[in-house]
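Chemist: Work the whole structure out from these sequences, hints included.
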Amino acid sequence: MFRTLVILCVIALLSGGGVAYYLFTASPAPRIIDAEEGDAVRGTYVARLSGCIACHTDSKGGRGLLAGGPAIETPFGTFYGPNITPDPEDGIGSWSLQDFAAALTAGKAPDGSPYYPVFPYTSYTLLDDQEIADLWAALQTVKPVSGKTPANEVDAPFDHRFLLIPWQTLFLKPGPYKPDPERSEAWNRGAFIVNGPGHCVVCHTPRDIFGALDESRSLEGGRNGPGGERVPAITAAALKEEGWSEADIAYALKTGLAPDGDTFGGSMGEVVSGSTKFLDESDRKAIAVYLLSE
Amino acid sequence: MQAKPGFTRLTAIALVGSAILLGTLQVDRVLADEDPDIKARIAMMKENGKAMKVLAPMFKGKVAYDAMAVREAAATIKKNGGSELTKLFPEGSLSDKSYALPSIWQDWPQFARLSDDMTLYAAGLMEAANNPRIPDDNVLEGADTLGNQGATLGDADKAPTAPRDPLQLAELSPDISFTALLETCGTCHTEFRKDD
Numbered sequence: 001m002f003r004t005l006v007i008l009c010v011i012a013l014l015s016g017g018g019v020a021y022y023l024f025t026a027s028p029a030p031r032i033i034d035a036e037e038g039d040a041v042r043g044t045y046v047a048r049l050s051g052c053i054a055c056h057t058d059s060k061g062g063r064g065l066l067a068g069g070p071a072i073e074t075p076f077g078t079f080y081g082p083n084i085t086p087d088p089e090d091g092i093g094s095w096s097l098q099d100f101a102a103a104l105t106a107g108k109a110p111d112g113s114p115y116y117p118v119f120p121y122t123s124y125t126l127l128d129d130q131e132i133a134d135l136w137a138a139l140q141t142v143k144p145v146s147g148k149t150p151a152n153e154v155d156a157p158f159d160h161r162f163l164l165i166p167w168q169t170l171f172l173k174p175g176p177y178k179p180d181p182e183r184s185e186a187w188n189r190g191a192f193i194v195n196g197p198g199h200c201v202v203c204h205t206p207r208d209i210f211g212a213l214d215e216s217r218s219l220e221g222g223r224n225g226p227g228g229e230r231v232p233a234i235t236a237a238a239l240k241e242e243g244w245s246e247a248d249i250a251y252a253l254k255t256g257l258a259p260d261g262d263t264f265g266g267s268m269g270e271v272v273s274g275s276t277k278f279l280d281e282s283d284r285k286a287i288a289v290y291l292l293s294e
Numbered sequence: 001m002q003a004k005p006g007f008t009r010l011t012a013i014a015l016v017g018s019a020i021l022l023g024t025l026q027v028d029r030v031l032a033d034e035d036p037d038i039k040a041r042i043a044m045m046k047e048n049g050k051a052m053k054v055l056a057p058m059f060k061g062k063v064a065y066d067a068m069a070v071r072e073a074a075a076t077i078k079k080n081g082g083s084e085l086t087k088l089f090p091e092g093s094l095s096d097k098s099y100a101l102p103s104i105w106q107d108w109p110q111f112a113r114l115s116d117d118m119t120l121y122a123a124g125l126m127e128a129a130n131n132p133r134i135p136d137d138n139v140l141e142g143a144d145t146l147g148n149q150g151a152t153l154g155d156a157d158k159a160p161t162a163p164r165d166p167l168q169l170a171e172l173s174p175d176i177s178f179t180a181l182l183e184t185c186g187t188c189h190t191e192f193r194k195d196d
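From first to last, the protein sequence lines are chains W and G. Heads up: the first sequence runs through residues 1 to 294, numbered per our numbering. Heads up: the second sequence runs through residues 1 to 196, numbered per our numbering.
Hints listed in this document are in silico derivations from the structure and should not be mistaken for laboratory results. Using N, Cα and C, we set each Cβ at its ideal position, and we do this for glycine too. Check the hints yourself; a few may be wrong.
Lysine-lysine pairs mimicking DSBU-like chemistry, simulated, CA-CA at most 35 Å apart [claimed, not checked]:
no., chain 1, residue 1, chain 2, residue 2
1, W, 240, G, 194
2, W, 285, G, 50
3, W, 285, G, 53
4, G, 97, W, 60
5, W, 285, G, 194
6, G, 79, W, 143
7, W, 60, G, 46
8, G, 60, W, 240
9, W, 148, G, 194
10, W, 285, G, 46
11, W, 60, G, 39
12, W, 60, G, 194
13, G, 79, W, 60
14, G, 62, W, 285
15, G, 194, W, 143
16, W, 240, G, 50
17, W, 178, G, 60
18, W, 60, G, 60
19, G, 62, G, 97
20, G, 60, W, 285
21, G, 53, W, 60
22, G, 53, W, 240
23, W, 60, G, 50
24, G, 39, W, 240
25, G, 39, G, 60
26, G, 97, W, 240
27, W, 240, G, 62
In silico contact screen, one side only, chain G against chain W (beta carbon under 10 Å); selected entries [as the list claims (entries may be wrong)]:
no., residue
28, 49
29, 53
30, 154
31, 179
32, 183
According to the in silico footprint, chain W covers these stretches of chain G (three or more CB under 8 Å from chain W) [unchecked claim]:
no., region
33, 56-63
34, 184-190
Modeler: Structure below.
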């Protein structure tokens with residue numbers, strides 16, 4: 001009896017150890033980028049699509065373009081989008097394209113340490129290699145600015161950064177985006193933008209207790225938006241119930257004006273002014289096609 | 001289908017009772033939100049929203065463009081901007097009903113400027129209402145460096161804005177003023193309005 005117990009304990013420990021070993025070692029590896037020389041103009045479009053400016057620029061605080069953002073309050077703590085200008089000390093001027101790709105596709109800093117998912121690499125991993133190279137080229141056109149943002153103030157237990165490794169193992173699904181051949185080109189483009197660079201899902205999909213997106217409730221909104229904002233549901237059902245057409249969605253993304261005569265404020269106001277108003281009309285329509293599809 | 005007299009009386013009593021109760025609740029609500037400035041500015045924003053609902057379908061191309069209707073709706077927004085709006089925001093006028101953020105009084109010059117812009121661009125829209133439309137889909141992008149060929153991310157903070165000269169606005173397409181008006185609404189709501 002005692003012997004059986006001991007054996008069971010050993011098995012439990014070993015398998016527990018095995019699970020832990022897996023969780024701490026199997027987070028997705030950075031994708032190796034295979035692309036032509038990046039194009040800064042195309043990359044500027046990718047930057048707009050990805051909404052980099054809103055989180056990495058503090059225009060009110062007078063920091064330069066992409067030189068670090070204002071506080072982002074989340075249920076997991078307060079975060080500051082870092083300086084991503086080409087400054088070699090305080091920005092990302094000493095990085096290689098591959099370092100940059102590791103950040104976007106695997107949520108890893110050049111020293112291998114994991115980033116908090118408030119940096120939406122779970123979405124940016126859907127970018128393809130060329131888009132990443134183009135975005136990198138675009139970032140080189142930004143004026144280097146020195147100075148760092150304040151340190152993040154993260155609540156326990158995630159203040160222990162190493163816990164993000166098992167988080168990545170469990171919740172980071174590596175890209176790039178794979179089109180669904182059953183669906184139209186516009187639908188696929190919309191799905192890519194909403195789940196990928198546009199990272200709409202990051203605010204509009206509620207999170208579970210681990211801080212991972214609850215995909216069973218995709219785009220259902222919630223009360224935990226940036227700064228405690230209420231985030232509306234943008235499922236096809238919710239949008240149709242409120243009378244949004246494809247044209248209404250595309251127009252709202254361009255101008256901020258909703259069909260009820262109100263203009264977006266808060267974080268969505270920033271999304272429009274920093275990102276979606278600069279997109280091609282075809283991309284705004286693609287987003288609408290995807291959001292309204294069942 | 002004749003109801004029993006007792007039932008009718010009971011129903012009547014219940015109805016009157018509910019009406020009184022509802023009335024009381026209603027009064028409570030009004031009392032709780034007595035601040036006349038807050039009430040007035042909420043009503044004013046609703047009026048602006050209504051005017052926008054007239055304007056937007058025309059600029060979206062959903063309904064036929066009607067210059068007279070544009071002028072009328074723009075006039076409403078014009079009269080509601082400037083000091084007519086800012087005077088309804090005395091320092092610290094916040095309540096549960098109000099969506100105003102305290103940042104209004106931390107950055108009053110910007111708040112006042114946006115309020116002036118509201119009148120500026122609504123007036124521009126009135127003056128330009130009869131001008132030819134720009135059917136081009138990219139009115140907004142056309143006003144931004146990033147939308148122009150060859151511009152890169154480094155220029156992202158150098159985007160030119162719509163002119164602030166009323167005479168110039170009056171010469172341009174109404175779409176320019178309307179777009180600038182929408183940007184003004186959006187900027188103010190982004191910086192100074194709590195989104196629940």
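Chemist: Taking the hints in turn, state whether each one holds.
Modeler: Here is what the structure says about each hint:
{"no.": "1", "hint": "240(W) to 194(G)", "result": "25 Å, holds"}
{"no.": "2", "hint": "285(W) to 50(G)", "result": "26 Å, holds"}
{"no.": "3", "hint": "285(W) to 53(G)", "result": "21 Å, holds"}
{"no.": "4", "hint": "97(G) to 60(W)", "result": "27 Å, holds"}
{"no.": "5", "hint": "285(W) to 194(G)", "result": "28 Å, holds"}
{"no.": "6", "hint": "79(G) to 143(W)", "result": "42 Å, violated"}
{"no.": "7", "hint": "60(W) to 46(G)", "result": "29 Å, holds"}
{"no.": "8", "hint": "60(G) to 240(W)", "result": "19 Å, holds"}
{"no.": "9", "hint": "148(W) to 194(G)", "result": "28 Å, holds"}
{"no.": "10", "hint": "285(W) to 46(G)", "result": "29 Å, holds"}
{"no.": "11", "hint": "60(W) to 39(G)", "result": "30 Å, holds"}
{"no.": "12", "hint": "60(W) to 194(G)", "result": "17 Å, holds"}
{"no.": "13", "hint": "79(G) to 60(W)", "result": "29 Å, holds"}
{"no.": "14", "hint": "62(G) to 285(W)", "result": "16 Å, holds"}
{"no.": "15", "hint": "194(G) to 143(W)", "result": "33 Å, holds"}
{"no.": "16", "hint": "240(W) to 50(G)", "result": "21 Å, holds"}
{"no.": "17", "hint": "178(W) to 60(G)", "result": "33 Å, holds"}
{"no.": "18", "hint": "60(W) to 60(G)", "result": "32 Å, holds"}
{"no.": "19", "hint": "62(G) to 97(G)", "result": "33 Å, holds"}
{"no.": "20", "hint": "60(G) to 285(W)", "result": "14 Å, holds"}
{"no.": "21", "hint": "53(G) to 60(W)", "result": "31 Å, holds"}
{"no.": "22", "hint": "53(G) to 240(W)", "result": "18 Å, holds"}
{"no.": "23", "hint": "60(W) to 50(G)", "result": "31 Å, holds"}
{"no.": "24", "hint": "39(G) to 240(W)", "result": "31 Å, holds"}
{"no.": "25", "hint": "39(G) to 60(G)", "result": "31 Å, holds"}
{"no.": "26", "hint": "97(G) to 240(W)", "result": "28 Å, holds"}
{"no.": "27", "hint": "240(W) to 62(G)", "result": "18 Å, holds"}
{"no.": "28", "hint": "49", "result": "4 Å, holds"}
{"no.": "29", "hint": "53", "result": "4 Å, holds"}
{"no.": "30", "hint": "154", "result": "4 Å, holds"}
{"no.": "31", "hint": "179", "result": "7 Å, holds"}
{"no.": "32", "hint": "183", "result": "7 Å, holds"}
{"no.": "33", "hint": "56-63", "result": "holds (count 3)"}
{"no.": "34", "hint": "184-190", "result": "holds (count 6)"}
Consistency with the previously given hints fails for number 6 only.
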